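There are 2 protein chains.
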Amino acid sequence: MKNRTLFAIPDKQIYLCGHSLGPVCHAAKETLNEGLQSWSHELVGGWNKSAWIHLPQKLGKSIAPLIGAQPEEVIVADSTSINLLKCLLTALALNSQRKVILTEHDNFPTDHYIAQSITAIDPTIQVKTVANNELVAMLDETIAVLMLTQVNYRTSQKHDIASLTQKAHALGILVVWDLSHSVGAMSLACADDHVDFAVGCTYKYLNGGPGAPGFIYATKRHHERMVPMIKGWMGHKLPFAFAPDFEPAEGIKAFLTGTPAIMSLKALEGALTCFDAVDLSSLQEKSVKLSQQLIDKIQQALPMLHLVSPQAASVRGSHVAYAHPQAYAITQALISRGVIVDYREPGLIRMGISPLYIDELDIDRVVQTLIEIFESRLYQREVFQKRLLVT
Amino acid sequence: MKNRTLFAIPDKQIYLCGHSLGPVCHAAKETLNEGLQSWSHELVGGWNKSAWIHLPQKLGKSIAPLIGAQPEEVIVADSTSINLLKCLLTALALNSQRKVILTEHDNFPTDHYIAQSITAIDPTIQVKTVANNELVAMLDETIAVLMLTQVNYRTSQKHDIASLTQKAHALGILVVWDLSHSVGAMSLACADDHVDFAVGCTYKYLNGGPGAPGFIYATKRHHERMVPMIKGWMGHKLPFAFAPDFEPAEGIKAFLTGTPAIMSLKALEGALTCFDAVDLSSLQEKSVKLSQQLIDKIQQALPMLHLVSPQAASVRGSHVAYAHPQAYAITQALISRGVIVDYREPGLIRMGISPLYIDELDIDRVVQTLIEIFESRLYQREVFQKRLLVT
Numbered sequence: 001m002k003n004r005t006l007f008a009i010p011d012k013q014i015y016l017c018g019h020s021l022g023p024v025c026h027a028a029k030e031t032l033n034e035g036l037q038s039w040s041h042e043l044v045g046g047w048n049k050s051a052w053i054h055l056p057q058k059l060g061k062s063i064a065p066l067i068g069a070q071p072e073e074v075i076v077a078d079s080t081s082i083n084l085l086k087c088l089l090t091a092l093a094l095n096s097q098r099k100v101i102l103t104e105h106d107n108f109p110t111d112h113y114i115a116q117s118i119t120a121i122d123p124t125i126q127v128k129t130v131a132n133n134e135l136v137a138m139l140d141e142t143i144a145v146l147m148l149t150q151v152n153y154r155t156s157q158k159h160d161i162a163s164l165t166q167k168a169h170a171l172g173i174l175v176v177w178d179l180s181h182s183v184g185a186m187s188l189a190c191a192d193d194h195v196d197f198a199v200g201c202t203y204k205y206l207n208g209g210p211g212a213p214g215f216i217y218a219t220k221r222h223h224e225r226m227v228p229m230i231k232g233w234m235g236h237k238l239p240f241a242f243a244p245d246f247e248p249a250e251g252i253k254a255f256l257t258g259t260p261a262i263m264s265l266k267a268l269e270g271a272l273t274c275f276d277a278v279d280l281s282s283l284q285e286k287s288v289k290l291s292q293q294l295i296d297k298i299q300q301a302l303p304m305l306h307l308v309s310p311q312a313a314s315v316r317g318s319h320v321a322y323a324h325p326q327a328y329a330i331t332q333a334l335i336s337r338g339v340i341v342d343y344r345e346p347g348l349i350r351m352g353i354s355p356l357y358i359d360e361l362d363i364d365r366v367v368q369t370l371i372e373i374f375e376s377r378l379y380q381r382e383v384f385q386k387r388l389l390v391t
Numbered sequence: 001m002k003n004r005t006l007f008a009i010p011d012k013q014i015y016l017c018g019h020s021l022g023p024v025c026h027a028a029k030e031t032l033n034e035g036l037q038s039w040s041h042e043l044v045g046g047w048n049k050s051a052w053i054h055l056p057q058k059l060g061k062s063i064a065p066l067i068g069a070q071p072e073e074v075i076v077a078d079s080t081s082i083n084l085l086k087c088l089l090t091a092l093a094l095n096s097q098r099k100v101i102l103t104e105h106d107n108f109p110t111d112h113y114i115a116q117s118i119t120a121i122d123p124t125i126q127v128k129t130v131a132n133n134e135l136v137a138m139l140d141e142t143i144a145v146l147m148l149t150q151v152n153y154r155t156s157q158k159h160d161i162a163s164l165t166q167k168a169h170a171l172g173i174l175v176v177w178d179l180s181h182s183v184g185a186m187s188l189a190c191a192d193d194h195v196d197f198a199v200g201c202t203y204k205y206l207n208g209g210p211g212a213p214g215f216i217y218a219t220k221r222h223h224e225r226m227v228p229m230i231k232g233w234m235g236h237k238l239p240f241a242f243a244p245d246f247e248p249a250e251g252i253k254a255f256l257t258g259t260p261a262i263m264s265l266k267a268l269e270g271a272l273t274c275f276d277a278v279d280l281s282s283l284q285e286k287s288v289k290l291s292q293q294l295i296d297k298i299q300q301a302l303p304m305l306h307l308v309s310p311q312a313a314s315v316r317g318s319h320v321a322y323a324h325p326q327a328y329a330i331t332q333a334l335i336s337r338g339v340i341v342d343y344r345e346p347g348l349i350r351m352g353i354s355p356l357y358i359d360e361l362d363i364d365r366v367v368q369t370l371i372e373i374f375e376s377r378l379y380q381r382e383v384f385q386k387r388l389l390v391t
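These protein sequence lines are chains A and B, in that order. When we follow the working numbering, the leftmost residue of the first sequence carries the number 1, and every step to the right adds one. When we follow the working numbering, the leftmost residue of the second sequence carries the number 1, and every step to the right adds one.
Just so you know, the hints here were simulated from the structure itself, not pulled from any lab data. Since the structure is predicted, the reported quantities are computational estimates derived from the model, not experimental observations. Hints are supplied without guarantee of correctness; some may be wrong.
Given that identical chains are not distinguished, each listed pair holds provided it fits within a single copy or across any two copies.
[Claimed, not checked] Derived DSSO-like pairs: lysine-lysine, alpha-carbon spacing no greater than 27 angstroms straight-line:
no.: 1; residue 1: Lys386; residue 2: Lys58
no.: 2; residue 1: Lys61; residue 2: Lys286
no.: 3; residue 1: Lys386; residue 2: Lys237
no.: 4; residue 1: Lys386; residue 2: Lys49
no.: 5; residue 1: Lys237; residue 2: Lys128
no.: 6; residue 1: Lys12; residue 2: Lys49
no.: 7; residue 1: Lys286; residue 2: Lys253
no.: 8; residue 1: Lys29; residue 2: Lys49
no.: 9; residue 1: Lys29; residue 2: Lys58
no.: 10; residue 1: Lys253; residue 2: Lys386
no.: 11; residue 1: Lys58; residue 2: Lys253
no.: 12; residue 1: Lys99; residue 2: Lys49
no.: 13; residue 1: Lys286; residue 2: Lys49
no.: 14; residue 1: Lys289; residue 2: Lys29
Model the full structure from these sequences, guided by the hints.
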């Protein structure tokens with residue numbers, strides 16, 4: 001298994017925020033610098049000479065094996081929010097006899113907001129939002145699209161993609177999965193699970209850099225019939241013909257819109273090489289093992305922390321969340337001691353376990369630091385109460 | 001006036017492609033490197049410590065004076081295509097009794113495609129596309145939004161923003177201006193001209209780097225009533241409250257959607273410092289003077305080149321376009337001689353004059369090189385006939 005030496009993580013830090021923003025790897029620094037050099041020396045010629053124009057597809061091909069997809073089913077473009085908008089609109093158009101998007105209350109907020117954007121633009125579309133445990137019962141033949149995030153950003157609860165997709169398909173429902181909190185930390189099998197569309201984030205476990213563009217997956221089954229609903233010149237069949245009417249590029253490329261943000265893509269290019277030759281089963285195995293180690297040790301030594309993530313590894317993602325009345329102050333005290341974690345409302349400490357650069361010794365040190373923080377009541381200091389803007 | 005020494009333009013090159021992709025300036029290299037250092041050393045802490053979270057607004061404030069806007073009227077986000085989608089949807093919602101977007105045939109293709117996206121999503125909306133000289137006659141009280149690009153990407157023909165905006169407003173029509181081929185090369189006065197909304201590109205005359213995010217301007221007059229139609233978490237009033245329902249941030253910030261691409265924004269941050277203390281009237285004056293020099297000398301020495309840009313500087317942008325049956329080969333021959341220009345269908349040579357780094361000696365050398373290319377028939381060589389993917 002690859003390890004921490006690939007990354008520029010500050011000495012003595014244990015970085016448990018890979019579920020929020022992955023660290024920079026040396027390869028990403030190199031490719032970003034390469035991008036800067038091309039811009040300096042080739043200027044506009046970089047689009048051809050350095051093949052910037054092909055980067056969205058090239059990076060899609062690198063991501064494809066990480067989600068169990070074919071190379072031609074994935075492309076990198078825009079943000080996850082915009083990509084979700086594109087997938088939902090295209091899925092609704094494919095299932096146009098139906099007018100309902102079904103999702104769950106605790107989906108990631110921007111996913112809700114994007115669905116709400118669609119109902120604002122097209123009032124014939126309706127969003128049904130139900131509790132997690134009502135999802136299966138609410139599937140019926142009025143639903144056009146089931147929109148879910150596989151791993152819950154707060155609790156780390158993990159959906160069974162295969163099972164839910166199968167149940168949805170049995171009723172003629174298309175599925176759009178948000179893999180933002182999954183990809184890069186576990187096995188995924190979009191093709192085998194017959195997923196219709198998926199989106200995901202590249203700056204969390206994929207370590208692409210702050211705000212790195214997201215990705216879109218669309219199964220080959222839909223490539224012939226699907227229509228891009230947000231039509232931009234990079235998704236045109238012949239962008240440099242500058243035709244006034246939109247004619248979509250073939251396949252996944254039709255999901256491109258405006259000019260891709262090359263500097264951000266160049267950093268992602270290097271970051272993805274950290275996954276070369278990584279076996280996803282081993283990656284997931286390591287994530288599960290380390291998570292279990294953390295959960296077991298906290299249960300033994302720190303009963304005041306309440307586990308809100310599932311106990312069972314089979315339904316848990318790669319972060320672990322604990323509730324505590326002083327959760328925010330505890331995260332700040334941990335950070336002051338070099339254990340980088342984050343906070344989410346309401347009252348949750350999140351610890352992300354990215355199997356590429358976290359190991360067993362790290363987990364032991366995290367638990368030891370938590371014990372010290374509680375023994376010394378370090379977190380009660382006033383300095384740790386102050387809320388930062390980004391949590 | 002600032003000059004070429006601010007930029008990393010290869011020696012002996014004359015770079016006439018600033019209308020397509022601006023060169024890298026030394027300041028942009030520094031800020032991009034600063035972004036990489038923050039990511040390396042601060043990791044997720046960079047959102048607060050390096051104030052990444054405020055970059056979209058900070059850069060909007062830097063762009064505001066370049067388009068004659070107030071600092072709180074501009075923000076950097078997404079691509080120009082996506083920003084245009086957001087502006088059109090919001091403008092349509094503000095003028096919801098009307099259902100027509102009016103534009104001109106020769107608008108930039110992605111602007112057409114985005115308008116076509118809206119009609120595909122909401123079939124009650126209609127796009128009327130007319131010839132440039134029919135625009136004023138077609139303005140009437142059925143039109144909700146007039147959508148135009150100020151400077152034509154091919155011919156460089158320039159609209160009079162003040163006059164068209166005034167005529168539109170007199171009939172209750174809102175205007176959305178695309179300033180992609182204007183900003184950074186001329187005076188603009190969005191506030192004084194009462195422009196409702198505008199979008200623009202930051203990688204052309206603003207030199208922000210390949211695919212750098214675009215900007216949105218929305219007049220303060222609309223801030224209270226306008227509603228963001230593409231709702232993303234960064235445009236939420238309290239993004240880190242993670243509320244399931246969207247409540248827009250106040251003012252221009254509501255136009256943010258997903259997580260901004262920080263590495264691309266960091267390059268733009270440095271690039272914009274090249275405009276510090278630049279007087280826009282002088283900038284425009286220099287652009288006009290150099291363009292006139294080029295046009296006059298070509299008219300004298302190269303009658304085989306047919307000027308398709310307007311003769312009158314008052315209705316011309318900062319690039320000059322010539323038609324010739326061998327236009328593509330001529331651009332390639334010029335590039336081989338260090339004069340970097342580009343080609344656009346049908347049969348046009350474009351020469352962009354970015355007043356920040358082009359001077360009179362450059363223009364003389366461009367004309368001299370053109371003369372040599374015609375005398376030697378260099379462009380007739382087979383190697384210059386081969387079409388590249390990106391032109």
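- Output the numbers, in ascending order, of every earlier hint that fails for this structure. 7, 12, 13 and 14
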